[in-house]
Amino acid sequence: MAYQLSRRSFLKGLAAGGALTALTAYGGLKMAPTAAGVADGYPEAAAGARVFRNVCPRNCYDTCSMLSYVKDGILRKVSGDPANTFTNGRLCVKGYTYTRRVYSPDRLKYPMKQDKRGSGRWQRISWDEALDIIARKILDIKKQYGSTLPVCLNKYSGNFDILHYGIEGMMSSIGYTTRALGTPCWPAGIDAQTYDFGTLWNNDPEDLVNSRYIILWGVNPAWTSVHSMRFLYAAREKGAKLVVIDPVVTQTASKADLYLQIKPATDGALALGMARHILDNGWVDQEYLKANAVGWEEFFAYLRREVTLDWASKVTGIPAGVIADLAREYATTKPAAIWIGYGLQRHTNGGQNVRAIDALAAITGNVGKSGGGALYGHLETWGFNYAAMTMPKPAGALGVKKPDGTMSDRFININNFGAELLNVKDPPVKMLWIACRNPLSQDPEPQVVQKAFENMDLVVTVDHFLTRTAAWSDIVLPATTQFEEYGVNASYWHYWVGINEQAIEPYFEAKNDVQIAMLLSAKLNALEPGSCTYPTGGSLEELVGKEFNQKMLDLLGIADYRELKQGPRKAKLLTAAWSDGKFRTPSGKIEIKSSEAPKYGLPALPVYVPEKQAPPEYPYRFITPHWRHGLHSQFQNIDWMMNVSPEPFVEIHPATAAAKGIRDGDWVKIYNEIGYLTLKARITATTAPEILVAYEAWYKDLDYNLNYTVKAVPSDMGKKATGNRGLAFHDNFVNIEKVR
Amino acid sequence: MGKQLGFLVDTEKCIGCFGCEMACKNEYQAEVKPRWRRVYQQKEGNLPYPERNFMSLACNHCADPACLKVCPVGAYSKREDGIVLHDHGRCIGCRLCTMACPYGAPQYNEKEGKVEKCQLCYQKIDRGEEPACVAACPVGALELIKDLASFPGPGTVKELPGFPDITITRPSVRFVPPRTGIQIRRDAE
Chain Y
1 MAYQLSRRSF LKGLAAGGAL TALTAYGGLK MAPTAAGVAD GYPEAAAGAR VFRNVCPRNC
61 YDTCSMLSYV KDGILRKVSG DPANTFTNGR LCVKGYTYTR RVYSPDRLKY PMKQDKRGSG
121 RWQRISWDEA LDIIARKILD IKKQYGSTLP VCLNKYSGNF DILHYGIEGM MSSIGYTTRA
181 LGTPCWPAGI DAQTYDFGTL WNNDPEDLVN SRYIILWGVN PAWTSVHSMR FLYAAREKGA
241 KLVVIDPVVT QTASKADLYL QIKPATDGAL ALGMARHILD NGWVDQEYLK ANAVGWEEFF
301 AYLRREVTLD WASKVTGIPA GVIADLAREY ATTKPAAIWI GYGLQRHTNG GQNVRAIDAL
361 AAITGNVGKS GGGALYGHLE TWGFNYAAMT MPKPAGALGV KKPDGTMSDR FININNFGAE
421 LLNVKDPPVK MLWIACRNPL SQDPEPQVVQ KAFENMDLVV TVDHFLTRTA AWSDIVLPAT
481 TQFEEYGVNA SYWHYWVGIN EQAIEPYFEA KNDVQIAMLL SAKLNALEPG SCTYPTGGSL
541 EELVGKEFNQ KMLDLLGIAD YRELKQGPRK AKLLTAAWSD GKFRTPSGKI EIKSSEAPKY
601 GLPALPVYVP EKQAPPEYPY RFITPHWRHG LHSQFQNIDW MMNVSPEPFV EIHPATAAAK
661 GIRDGDWVKI YNEIGYLTLK ARITATTAPE ILVAYEAWYK DLDYNLNYTV KAVPSDMGKK
721 ATGNRGLAFH DNFVNIEKVR
Chain G
741 MGKQLGFLVD TEKCIGCFGC EMACKNEYQA EVKPRWRRVY QQKEGNLPYP ERNFMSLACN
801 HCADPACLKV CPVGAYSKRE DGIVLHDHGR CIGCRLCTMA CPYGAPQYNE KEGKVEKCQL
861 CYQKIDRGEE PACVAACPVG ALELIKDLAS FPGPGTVKEL PGFPDITITR PSVRFVPPRT
921 GIQIRRDAE
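These protein sequence lines are chains Y and G, in that order.
Per the numbering used here, residue 1 is the first one in the first sequence, and the count goes up by one each step.
Per the numbering used here, residue 741 is the first one in the second sequence, and the count goes up by one each step.
Please note: incorrect hints may appear among the correct ones.
[What the hints assert, rightly or not] Below, simulated DSS-like cross-link-like pairs (lysine-lysine); rule was C-alpha separation at most 27 Å, straight line: (1) 851/G with 71/Y; (2) 71/Y with 864/G; (3) 783/G with 669/Y; (4) 738/Y with 809/G; (5) 109/Y with 773/G; (6) 773/G with 700/Y; (7) 783/G with 680/Y.
None of these hints come from the bench; they were simulated from the model.
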């Protein structure tokens, strides 16, 4: 058909006088090409394909609804699913590389065993042999130590599909084990919003179009949530002003109407300075506070006593007049939304700073309003059964004794994983299972994690690629991609939930985490009957069905999960979070003075806690944000991505570069007391003189890991809702010198 | 001559996400190296502030295509709608077009021993669909201009700093220039 149409178009072109003149002038007509020749060279990849629904399961705001195009059992291309009005039928630069991830020559095809950890001497083994080694080790450990506590799981965000919680289920099904607990990403902000509102719950991001004033505070959606940009632009087209507050001129800042270059980690001081100005000028929404908040009188007393515009200016580096203008505009242009990014809470005072911003939204009456809000994230659409995760313990299983006489797993801090692995005793950890995770790349102090690996009898990693962690394991097991398995996914930002259909057969011998759990269960029970409770049969699609309860079905307006095969559904939540006024704090109100925070050793009020300062020997703050071409250690290694983004670099301010004698393209060394890295310099005034910026990523065949300089410094909050405090990734200080 | 198609590149909206470039690769499952569409970062010095601004460029389907002029085997043709087509079957890989094009649109594929370039998704155009890059842009920064002659487009320009001389081939591309916000910077004098 394409041939016919283009052929006809071409002939019609010849008949037109203008075209004839243009073409004959160059002799282009002497050998008129056939349309067939054109089409042969440029075939459309998805012609004649069958279409399946998928969801991108990565740790990302946007959690894209996808379509996959399959012909002859091969994934031909991917696209966005237009049924989702948030992602709007589009993917991102990462999502469009999926065919190259699925069929990458670097992808793990078979289970493999390494001769000596880190030697690179790998040997293909069968699934049966791999599971036999693993099962025997688990049983040996149980015999030697009297429990399975020496078996440790480290699993997190490499795949957020709900069925992948089956890995936790697999661990539960063998007994009590050691678990890496917490989240590195966002816990300080989660706790801050939990203290203030009772939990985290952002307005529907599609509602941003109704804002008249939007502050993007420490967030860079142009890189990390591209689909949100459409709603921000739509709001601007309707007259909204876009303000970006960030220590560096991010891609999003480059698109703002107003950009404020704040000193890192001083966001709370800015919010408090604004609050004081709002208070002094009578722009407080008294009615809203009276009906919905507690502790505001004490907050105002604190502001009057301790906060001035000049103080805020001094702390933040933003002129007092600018803060005053910002406060006036924010308080008087309603509704006004603040999107609180995860970057700004990756500090030792990060959660406290989020609380100050929450208070700013509350006192101006912007909480619970369409077009308003203090948007951080949500888990309102995550109310699945977690059936794959919930497994009974085998008879006689022993764990950590709790005061009430019951037993539990043993928890160690995911955010200080290496050190805690080294320290944990009675019993020590002897076996690691790592899935959906790459700690030797992404953890702070990966050198300590690697050291801790030395104490292990067995390290098993399940992944798509021979990651840094997989390369330092004894056994690697090949995982399926989302195109090769069933699943169901929700977002922590938008309100859509979608089913993920299996579109193609698993790549070589790759298996889904749940299937691996089933096989391990069969092996364990063959060796020692009753040693594992995980089911050994059942399809993944059946298991997806088991994840739905009536509340989830009602939320999505469906009677059966299979209806999601017709397209993703948007949850029937309130468009404006908290517009029902039913806050989930102990008082049922916004707790500007928190009743819970003091129980965790934190101030009750959102007072300013000073930011961490650079030590004299390491005067540069090394900020290491997410990268446009990757998501943590995913995507940047793919060949299409390497082609457009071949190497890492560090962004250096021209003044700093001049002082250090560094020119654009020079190799520089960035170092501190725990480690160093060398990479190329990119001179740009998008950063500040005392800030160096490099982006975390795993490049194919490049020795680049900026986490070797990143210390496991905890952020202030996270303990309450996520079990452990977060990481102050951006309170990392280094020095820099030119190498050549 | 029919109506000339073209691209509108809105550098005010463009966030340099590279989605268009990768969507193009995805649509044709193209070879790794050739970049039929390519996202270029503009030099900071060309802008009022240090910012991250981009130009997303593919073949400009020029009114006077230099590729077509120099091709010794007539592998290039211009459709009635202005799309400059490259006939892969006819191409001998001499690379004259890659030297003649001011925009680097035709690129040599070493694996094939031939040149290739953006065909403006002519199959999609013939079906009434948008080109893959346009359809993929998350912020509407790329548009298909359906009739370049009647497209003054308020606020659009024919060239931007860094864009090659448009008098050579008369490219079928228009730009919305970048927008300048206000920056309150700590390194300001």
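Comparing the hints with the structure gives:
1. 851/G with 71/Y: Roughly 24 Å between the alpha carbons, so the hint for residue 851/G and residue 71/Y holds.
2. 71/Y with 864/G: 19 Å, holds
3. 783/G with 669/Y: 25 Å, holds
4. 738/Y with 809/G: Cα-Cα ~49 Å, so violated.
5. 109/Y with 773/G: Satisfied, since the Cα-Cα distance of roughly 25 Å is no more than 27 Å.
6. 773/G with 700/Y: Distance of about 16 Å is within 27 Å: holds.
7. 783/G with 680/Y: 18 Å, holds
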